[in-house]
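Peer 1: All chains should be built: construct the whole structure from the sequences, respecting the hints.
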Amino acid sequence: MMLHGGQFHVYYSRSKTTHIIATNLPNSKINELRGEKVVRPEWITDSIKAGRQLSYLQYQLYAKQKGLSFPSLCLRKLDQQDLAGANIHTFPHHSSSSSSKGGLPLPQKPSLSAPKPSHAGPGAGLPLLEPPAEQSQVSSRQVSSDAPHRDQEQGLKVNGSLRNPKGGGIKLNGLHGEGQWEEHSLTSGRAKDSTLTNGHVHRFNGALKLTDMGHHPGGLTQDVQPEPRASVGPEVDPYDGPRTPSPIPSHQPRTSPVTRHKRDSDSPSTQHQVPSLASPTNHDVSTFSDPTPARPHPSDPGSRVRLNGSHHSGDPTHNHTHQDLSDQSVKPVARGGAEGGIISEFYSYSRLHHISTWRSEFAEYVTSLQCRKRTAGGAVFSGKEKLKRLRAQRSSGVSSMPAPQVRQSCILHVDMDCFFVSVGIRHRPDLKGKPVAVTSNRGPGRVAQRPGTNPQLEFQYYQQKRNRHQTGEPRPDKTDGDLEMTPSPEDISEHCHGNGVAQDQASLSMAEIASCSYEARQAGVKNGMCFGQAKKLCPELKAVPYDFQAYKEVALAMFETLASYTHHIEALSCDEALVDATALLAEVGVTPDELASAIRADVMEKTGCSASVGMGSNILLARMATRRAKPNGQYLLRSEEVDDFIRDQSVTSLPGVGRSMGSKLASLGVSSCGDLQQVSMARLQREFGPRTGQTLFRFCRGLDDRPVRSEKERKSVSAEMNYNIRFTKVEEAESFLNNLSMEVQKRLQGAGLKGRRVTLKVMMRKPGAPVEPAKYGGHGICDNLARSVTLGQATDSGKLIAQEAIKLFHAMRLDVTDMRGVGLQVQLLDGGPQAPAQDAQRSIRDLLQAPRRPSSNTTTSCTAAPNSTSSSTLSTSTALSDADAIPSGSSSGASFNQATSSSLMEPPTSLSDPIPSTSKGEPPPRTPNHAHSRLNLSIEVPSPSQVDRSVLEALPPELREQVERTWSRREEEEEEQPGASCSVTPPPLRDLDFSSSPPPDAHPPPGTLLLQIPNQPGQTGSTGIILALPDFSQVDPDVFAALPKELQEELRSAYSRREGAQPQVEEKNPLLQLKQPAAGRTKRRYKRKNASPAKKGPSPLKRLHPGTSPAKSSPSKPPPPAFRLKDDPSGLKTENGPSSSSMKPDVPEVLSKFIPRPVPTLAGACELSDIRTLLREWVTTISEPMEEDILQVVKYCTELVEDKDLEKLDIIIKYMKRIMQQSVESVWSMAFDFIVDNVQVVVQQMYGSTLKIT
Amino acid sequence: MTTLTRQDLNFGQVVADILCEFLEVAIHLILYVREVYPSGIFQKKKKYNVPVQMSCHPELNQYIQDTLHCVKPLIEKNEAEKVVIVIMDKERHPVERFVFEISQPPLLSISSETLLSHVEQLLRAVILKISVCDAVLDNNPPGCTFTVLVHTREAATRNMEKIQVIKDFPWMVADEQEVHMQGSRLIPLKTMTSDLVKMQLYVEERAQKTS
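As given, the protein sequences belong to chains R and E, one line each in that order.
Position 247 of the first sequence, counting from 1, maps to 247 under the numbering used here, and the rest follow consecutively.
Every position in the second sequence, counted from 1, becomes a number in the numbering used here once 1254 is added.
In short, the hints are calculated from the structure, not lab data.
For every residue, glycine included, the Cβ atom is placed at its ideal position computed from N, Cα and C.
Among the clues, some could well be false.
What the hints assert, rightly or not - Okay, derived cross-link-like pairs now, PhoX-like style, lysine-lysine, Cα gap no bigger than 25 Å in a straight line: (1) R:1217 to E:1383; (2) R:432 to R:37; (3) E:1326 to E:1301; (4) E:1383 to R:1214; (5) R:434 to R:536; (6) R:1214 to E:1463; (7) R:715 to R:799; (8) E:1331 to E:1299; (9) R:1252 to E:1383; (10) R:715 to R:761; (11) E:1463 to E:1383; (12) R:606 to R:434; (13) E:1463 to E:1344; (14) R:432 to R:606; (15) R:1252 to E:1463.
What the hints assert, rightly or not - One side only, chain R facing chain E, incomplete, derived with CB under 7 Å: (16) 640; (17) 642; (18) 1202; (19) 1205; (20) 1206; (21) 1214; (22) 1215; (23) 1249; (24) 1252.
Peer 2: Spelled out as structure tokens, the structure:
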């Protein structure tokens, strides 16, 4: 490049640098470099090839490409005039070389760098002396003067750098690194380098240095660009630089190590090294240290590489072999998950992974568009301009008629036709019109059967499974989905089987077809079908390899095209998007059809691929219209046609209706949307749950109020691998989990998120299933298990996640050899940046949510789940341990829990300290582990019956002792004071307030008021109890006196502490309130679960409010009004306004009657019959109502009061009275009392009298 | 199909006309059902297609008419929140309060031809509820009287003083004891929601009526 007049800047200079070359930029960089020309490295290579400087436009790097794990290459060209013939000394560089952390000294280091002093000169040996971070820089910069040797040399260097973790994970800033490097060179005795000793100087006069360097033919540190690690096959190709040693001995002193390193360390691609560092069995170090780091895969001698279904053992000696496109299908076998890079390898080659990351990337791209628009203050919409021109022309041509009155909203669903195929053949006109399939297999479609497989059995299994799902039912219409986003093996096998050729299945290639052209589809080929099978159906089927780079380019071009019209885009996947064109159409004044054809023409022009556009007044209709538009067409579903249109649609074409729901619907006699329209909402909700039912109810009528969301929030971040998982030892599984956690960490950090819940999903070979599945490395027939744990604080630390995951893993006690898939998911995400501000608040939220049991979709019904058989002792103990689970430091109720859990806990360091809380009711082994992770601040100790003995034994002695001590103490307490826990079990005061006095206009969306009807009966057994601290005035003095002294004291101190904390709580409460409805999905346990102690005395509710409670006439009323009002400013208005005093005619009403309020709903239901259905189901299906549900009902009733619908309220209360008091469970009548008490308070305040309940 | 909104001049009048007509029927019926007056002064008539009892005592009728005449302007302007028929015992302590709570529906419009018949159905339901309300109410002590209260919104009372609809028939601020009932219980009778008006009727009943 230098030869051709390019210049390489070590440091970015706004004035001099013309282009920035990178393949991977962190967010901050993207922001920083906005407005600069950021291009991909291909631009250079292509320009050189072309012999002239190409327009950079096509090479622009737009969105973050973290999925591609390229280390960035920061190359600045001062002079791009003369590029021709330039040689770029790109150097393959292990992507993670600079981003490793942990500062582990690696024994391999010396051996790597030392043996080559001849080439590298002193530099090679130096890394030993230097801090590891510098080492990597140096070595990557080192270029021997001897060109022929350079490759080898560099290879070595890189190897060395690979293994060099950065000391302590410190991020080097450029200056620092530079300086270090100079020093290092100095020590190495390079006269020339010594001139550069001062990194600062160096930094500012690049030109000088250039000449300087020129004097030394020997010691050239030229532009060893950290070559993108070839994570994706096709992208590797342009970077073969290192393998073609540069004939130019000239030195480009401007190695960019510093910036580059900065980038690298910023870049999320820590995958390769980090896992290996973290893994205890680091035997693969040698892999990395052998001179093949430049290869797209660290060809581990132990790993087997699979190429198109056949095996290639990785060749560690070949550096330069893996260049062809088929690389992408090369998947190393994770035999022994200990191999460090295996996970990232997997993700590098998994097309699903790419596609799915693209989706989020494009979503981010759209988001960034939004940001850019905001910052730029208004974007240029070239497409829009074009439309305007078009419109102008048309109106000048004819008569200028007013803009069509399209006030209705208009959503466009843009979907590329056969995306993978059309991209694959866009430069191959010879394939147009022929049946083409995109697949990794290009052979005849046959492979030998491997031993240990039993495809027939698997097919039988899937067949049976399918039969259970009613074989004949129509599969979801896939015609418009060019790629199956999740072609599970089931699908694949089903396809194969469905085509009736099962007998010689085994010999056919199992490589599935990602996408096939319409011609192929006519022949019966389907997406997701196995290639061998397809080949039989359609012998002339042509296979086209994957070309991820091209997909990405085309997809990007498509999104850019769309973005040139409007920024109201939602990326659905890499090849489809939703466009909210309402505003655009109104502004420009064209018809939707015109817009659609303009977009399609544009996309065709820019990408060479055709797109179909469906238009409708909402997302649902637009998507359905696309179905009709395909292929290469457009269809506008007019609102007047909707009814007819949708009636004929199959239910399975509705989004969200898949196979299982489809078959369930079919069993109801519903196959088309028209049939579905006949089904009542109540029925649907009964069958599918309140939310899904409602969605179905709306969808089948063509109603859909989802907005087009340009900015999306992620709900979870996960990494999952179910390919080639074959562990032999537990350690392997553990280290695999470690690695997987690092992958998750990478993704979390990439997205800037932190999560609080970790879910471990494991696929286990189904007993009786063949050991080796038919698909090579596949998972075969599996049971899916999942476990989750909620952390006290949101984290993005892979280590923490790994810790938890391993604990979960051990808790599941699985046979590692049968593991076929492992996934880690992190949920309950919080945005990273605001974290500090939220911390305190979150700890309170934690408190509220603490006992909510993460609803683990465990299919093994809780091998370790606490088995609480409602014996009073046990429930008391759970109560206590629940108390323990609440953060000791969080301000309000927590202190109380401290009290109950006695002296096990250390006093909180400070009240404001957010000490992590953990949810209770988790598989036992967590506890000890938590004790670990929380540095003995742990306050959660489950009851002995819930703890896995073996885990306990594995604990350090001190910890074990502590745990045991707690138990014995607990037992004492229980014996002394059986009522102890009940006597201090008040209703959660704030909770009550949330529900009984909702802000009048902040009704949560209907879906969130889920009336939780737990279908998992196992869960009800292990309810937790939250113990909030009641108002001191509400504590029955008698009960208090009966408590043991110790407890009394602690209670007292808790109260005094709480007084201090009180104001804080009140401040935060409004926030909490708003949050509360949204948090409704998690389950909170109903307090009165503690039924056994309650029976002994008066109801806990009643006892709460003895006469001491001020300002309350009724003894059974919840919190004192003062507290309420403070707590709930918005509730104040509604509740206090029409209080009894305002009954006088001349007292002004506070309540404004003019604001139309939404009709109150309970779990989305507002019709009396629906509500009755819901309530009946609630009462009859579960034995113990959950607090949250009760609160929802109270809330609904309150809304009814506020909505002045007393009649309905009366009916509902009467109904509840009937069904609840009939119930055998006494808790139900208590629940009823509770509801009525609360409602009466509200009615009293609104109307000055209470309801007469007969 | 015309769509009238709240701004339209006659909208409030329409509502007020309908409501006042209804209230007249309702008051008569309440007086009958609650046996405030001997049943002899009532005559069976048909209103809203259901039988109702109307008093034929001229002075009583006049009083009711005049009262409603004064209520009408308030309803017209949406200033009346509640119209309360209070039944009082001999000591003029209320034993029952029939509360007609009137509010505007979320969507105010007169758009449909079927509106009026729909409203009529709803009103009929309320009337029927009243006629059977003695089932859920305790018997009143003998010698009861009644009065009509209006709860107004905001500062409507101020204007009321200025404009007397009927000469020498002014509104008075109610006694506290007429308004308040000790230990009352609330019995919702009916809620109706139409595009025109939203109204609910409930009864507040004193816990111990014979004291």
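Peer 1: Run every hint past the structure and note whether it holds.
Peer 2: Tested hints:
no.: 1; hint: R:1217 to E:1383; in the structure: holds (22 Å)
no.: 2; hint: R:432 to R:37; in the structure: violated (36 Å)
no.: 3; hint: E:1326 to E:1301; in the structure: holds (20 Å)
no.: 4; hint: E:1383 to R:1214; in the structure: holds (17 Å)
no.: 5; hint: R:434 to R:536; in the structure: holds (16 Å)
no.: 6; hint: R:1214 to E:1463; in the structure: holds (24 Å)
no.: 7; hint: R:715 to R:799; in the structure: holds (21 Å)
no.: 8; hint: E:1331 to E:1299; in the structure: violated (31 Å)
no.: 9; hint: R:1252 to E:1383; in the structure: holds (17 Å)
no.: 10; hint: R:715 to R:761; in the structure: holds (17 Å)
no.: 11; hint: E:1463 to E:1383; in the structure: holds (22 Å)
no.: 12; hint: R:606 to R:434; in the structure: holds (23 Å)
no.: 13; hint: E:1463 to E:1344; in the structure: holds (11 Å)
no.: 14; hint: R:432 to R:606; in the structure: holds (18 Å)
no.: 15; hint: R:1252 to E:1463; in the structure: holds (14 Å)
no.: 16; hint: 640; in the structure: violated (18 Å)
no.: 17; hint: 642; in the structure: violated (22 Å)
no.: 18; hint: 1202; in the structure: violated (11 Å)
no.: 19; hint: 1205; in the structure: holds (5 Å)
no.: 20; hint: 1206; in the structure: holds (3 Å)
no.: 21; hint: 1214; in the structure: violated (10 Å)
no.: 22; hint: 1215; in the structure: violated (14 Å)
no.: 23; hint: 1249; in the structure: holds (4 Å)
no.: 24; hint: 1252; in the structure: holds (3 Å)
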